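Participant: Using the sequences provided together with the hints, build the complete structure.
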Amino acid sequence: METLQSLLIGFQTALTPMNLFVCMVGILIGTIVGALPGIGPTGAVAILLPASYSLGPASAIILLAGIYYGTQYGGTITSVLMNIPGESSSVVTTFDGHPMAKQGRAGVALGIAAIGSFVGGTLSVIGLMVFGPVLADYALAFGPPEYFGLMVLALSLITAFTGKSLVRGLIATIFGLLLGCVGDDVISGDPRLTFGINGLLDGIQFLPVAVGLFGVSEMIESLILKENCEIIKVDLGWRKVLPSWLDIRQSIGPMLRGSVLGFFVGVLPGAGATIASFLSYGIERKVSSTPERFGNGAIEGVAGPETANNASTGGAFIPMLSLGIPGSGTTAILLGALLMFGLHPGPSLFKEAPEVVWGLIASMYIGNILLLVINIGFIPPMVWIMDRISPYIRLVVLILALVGVYSFRNATLDVVIMLTFAVIGIIMKRYEFPLAPVVLGLILGDRAEISLRQSLTISQNDLSIFVTHRISAVLLILAVISFFLPVISKALGRMRSIN
Amino acid sequence: MRKFFPLPLGQFGVGLFWLSIAFLVFWGITSMSAAEAGSMGPATFPKILAVSLSILVVVYWFQSRNVKTISFFETTNKRDALKAAFLVALAFAAAYLWESLGALIILLVLSFVELRWIEGFGWIKVFAVGLVLSLGTWLVFTMLLGVPLPLGLLLWFY
Numbered sequence: 096m097e098t099l100q101s102l103l104i105g106f107q108t109a110l111t112p113m114n115l116f117v118c119m120v121g122i123l124i125g126t127i128v129g130a131l132p133g134i135g136p137t138g139a140v141a142i143l144l145p146a147s148y149s150l151g152p153a154s155a156i157i158l159l160a161g162i163y164y165g166t167q168y169g170g171t172i173t174s175v176l177m178n179i180p181g182e183s184s185s186v187v188t189t190f191d192g193h194p195m196a197k198q199g200r201a202g203v204a205l206g207i208a209a210i211g212s213f214v215g216g217t218l219s220v221i222g223l224m225v226f227g228p229v230l231a232d233y234a235l236a237f238g239p240p241e242y243f244g245l246m247v248l249a250l251s252l253i254t255a256f257t258g259k260s261l262v263r264g265l266i267a268t269i270f271g272l273l274l275g276c277v278g279d280d281v282i283s284g285d286p287r288l289t290f291g292i293n294g295l296l297d298g299i300q301f302l303p304v305a306v307g308l309f310g311v312s313e314m315i316e317s318l319i320l321k322e323n324c325e326i327i328k329v330d331l332g333w334r335k336v337l338p339s340w341l342d343i344r345q346s347i348g349p350m351l352r353g354s355v356l357g358f359f360v361g362v363l364p365g366a367g368a369t370i371a372s373f374l375s376y377g378i379e380r381k382v383s384s385t386p387e388r389f390g391n392g393a394i395e396g397v398a399g400p401e402t403a404n405n406a407s408t409g410g411a412f413i414p415m416l417s418l419g420i421p422g423s424g425t426t427a428i429l430l431g432a433l434l435m436f437g438l439h440p441g442p443s444l445f446k447e448a449p450e451v452v453w454g455l456i457a458s459m460y461i462g463n464i465l466l467l468v469i470n471i472g473f474i475p476p477m478v479w480i481m482d483r484i485s486p487y488i489r490l491v492v493l494i495l496a497l498v499g500v501y502s503f504r505n506a507t508l509d510v511v512i513m514l515t516f517a518v519i520g521i522i523m524k525r526y527e528f529p530l531a532p533v534v535l536g537l538i539l540g541d542r543a544e545i546s547l548r549q550s551l552t553i554s555q556n557d558l559s560i561f562v563t564h565r566i567s568a569v570l571l572i573l574a575v576i577s578f579f580l581p582v583i584s585k586a587l588g589r590m591r592s593i594n
Numbered sequence: 066m067r068k069f070f071p072l073p074l075g076q077f078g079v080g081l082f083w084l085s086i087a088f089l090v091f092w093g094i095t096s097m098s099a100a101e102a103g104s105m106g107p108a109t110f111p112k113i114l115a116v117s118l119s120i121l122v123v124v125y126w127f128q129s130r131n132v133k134t135i136s137f138f139e140t141t142n143k144r145d146a147l148k149a150a151f152l153v154a155l156a157f158a159a160a161y162l163w164e165s166l167g168a169l170i171i172l173l174v175l176s177f178v179e180l181r182w183i184e185g186f187g188w189i190k191v192f193a194v195g196l197v198l199s200l201g202t203w204l205v206f207t208m209l210l211g212v213p214l215p216l217g218l219l220l221w222f223y
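Here the protein sequences come in this chain order: H and G.
With our numbering applied, the first sequence has no gaps in its numbers, which climb one by one up to 594 at the end.
With our numbering applied, the second sequence has no gaps in its numbers, which climb one by one up to 223 at the end.
Read the hints as simulated data drawn from the structure, not as lab findings.
Do not take every clue at face value.
Here are the in silico distance ranges between beta carbons for each label pair [as the list claims (entries may be wrong)]: (1) G/219 to H/582: 54 to 64 Å; (2) G/187 to H/344: 47 to 57 Å; (3) H/199 to G/78: 43 to 53 Å; (4) G/113 to H/230: 26 to 36 Å; (5) G/154 to H/573: 39 to 49 Å.
These figures come from a predicted structure and were not determined experimentally.
Idealized CB from N, CA, C, for every residue including glycine.
Facilitator: Dropping the structure here:
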């Protein structure tokens with residue numbers, strides 16, 4: 096009953112003309128960005144974050160979240176029409192979506208992807224609504240040792256799962272944590288690692304770092320890699336996009352399985368949409384009685400993964416809103432946005448700012464309906480817009496990044512930091528260091544340090560406090576396991592291949 | 066080169082970059098206390114991280130011994146790499162001159178240069194798109210969002 100009342104408050108917020116407008120703008124930008132290879136959801140959210148600052152917390156988070164789940168829809172368009180995934184989570188869609196397009200069923204592939212995305216997105220919002228407040232209530236009892244355990248677990252999961260190498264992931268995480276150490280010391284207030292630069296007294300802001308690492312670096316890299324987007328023209332009127340009853344019957348099972356799988360994978364830090372879509376594809380091929388159709392235009396191969404990657408977005412909001420722990424680069428930036436507005440993501444957020452949290456949840460219902468309408472009825476105009484924007488996308492990104500980051504604090508230093516991190520981002524990507532742990536480390540760094548120092552003050556420097564507190568002990572054990580899981584699974588794989 | 070040097074140069078350079086960050090941290094916290102009133106001081110956490118980073122760099126170098134070198138210029142067309150470097154330099158110059166020349170002038174110059182010499186568009190397109198994008202952004206941020214962007218040289222006209 097309380098949940099329904101809160102949801103009503105959310106709809107009151109989400110249905111104001113202003114918030115409906117920003118939701119629409121967000122999902123449109125998200126769909127276009129998702130379809131254009133080069134800029135990921137993290138980059139798009141980061142670039143538009145400064146522009147959203149003057150909208151206020153509820154509208155800003157509705158806009159940014161709209162971009163986030165909109166990208167999951169948009170990535171399908173180029174996967175099906177060009178065999179080029181707009182997003183890493185849409186890679187799987189090329190396996191069967193593009194063969195379907197070659198068979199003259201491009202419209203059906205896009206239509207079923209849109210319906211699947213709607214089903215996954217909507218079911219995951221219901222999951223978020225049910226599980227989010229429960230987890231938040233549970234986490235209210237957390238003290239400093241439990242929080243420290245939680246931070247270590249989040250950092251270890253994202254380190255272990257986001258990169259190809261544990262060492263490189265750890266280096267990126269520590270780099271992020273060190274960036275979080277810059278500025279006034281969290282407890283004594285002494286300036287630390289500022290090297291006499293007054294602009295660093297408030298610390299290195301996450302916004303210029305995120306825009307540089309994810310937005311500007313991708314833009315520069317697209318110049319090096321010569322990534323351009325040419326859209327194949329096909330007839331995509333709304334009649335061609337509507338699937339037949341047989342298509343829908345074949346897709347219902349994959350959509351339901353994809354929803355559940357995507358939602359729970361999304362909750363895990365470091366996992367996310369890409370892993371969800373690959374897992375869903377694997378499961379659909381396993382449960383199919385005709386697995387040989389996969390790779391040759393099986394509609395289940397589009398329906399399952401497309402549902403799963405959208406369902407993961409709702410799941411990803413749970414740890415971010417309930418615990419204040421982002422599970423990916425994009426949710427880290429969304430969390431940073433909440434921090435920018437003076438809100439404290441975590442268990443108390445549901446009670447402190449219900450209009451923001453529930454407004455976001457309600458806007459996701461509305462956004463998913465709008466996305467279904469756009470993706471069923473307006474694919475040709477979307478393709479036309481993408482075709483017009485893509486030649487100038489680099490300049491658009493650069494201008495928005497420069498103006499946006501400057502306007503955040505009216506400081507040129509932030510622009511210089513952004514450009515420096517753009518260069519660092521290119522180097523890191525070239526040498527296969529993951530970027531998400533840097534932003535996550537920067538955001539969680541000072542909170543992890545405060546929890547550690549408070550815990551040690553409480554226990555009079557006795558480290559056993561982390562073991563004697565049961566929840567913190569469990570979280571730390573899970574963190575250790577997650578560190579070694581990839582190593583163990585690699586070793587097992589090697590042993591299997593030798594055998 | 067590899068005969069005399071056990072590591073690919075690229076990976077060695079990246080490792081040096083991380084080590085220099087660890088060194089900067091050590092240098093930055095030399096005057097800070099490691100313990101305060103019997104509890105952890107402000108220098109301890111960064112020190113632990115810097116030590117861990119240094120150890121990890123050694124492990125990274127060790128792991129990179131048998132890795133094929135990744136050279137920036139080997140895998141990239143030189144012309145495109147130069148274009149990218151020019152774009153970065155241009156963006157840094159824009160940041161440097163942002164307040165003295167003003168946001169609008171910087172955006173216009175940046176747009177024209179990017180569209181003409183990096184994207185290779187014709188002059189008419191360059192002026193039309195550049196003008197629309199820079200002026201549009203400036204108007205959205207200053208008028209719609211109320212952000213006070215620096216006027217720079219435009220102050221003469223006020």
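Participant: Each hint should be assessed against the structure and marked as holding or not.
Facilitator: Here's how the hints hold up against the structure:
A hinted range of 54 to 64 Å for the beta carbons of residue 219 of chain G and residue 582 of chain H is consistent with their spacing of about 59 Å. Range check, residue 187 of chain G to residue 344 of chain H: about 53 Å between beta-carbon atoms, so the 47 to 57 Å window is met. The supplied range of 43 to 53 Å is met by residue 199 of chain H and residue 78 of chain G, whose beta-carbon atoms lie about 51 Å from each other. At about 30 Å, the beta-carbon gap between residue 113 of chain G and residue 230 of chain H stays in the expected band of 26 to 36 Å.
Restraint check, residue 154 of chain G to residue 573 of chain H: a C-beta distance of roughly 46 Å satisfies the suggested window 39 to 49 Å.
Violation of the numbered hints given earlier is absent; every hint is satisfied by the structure.
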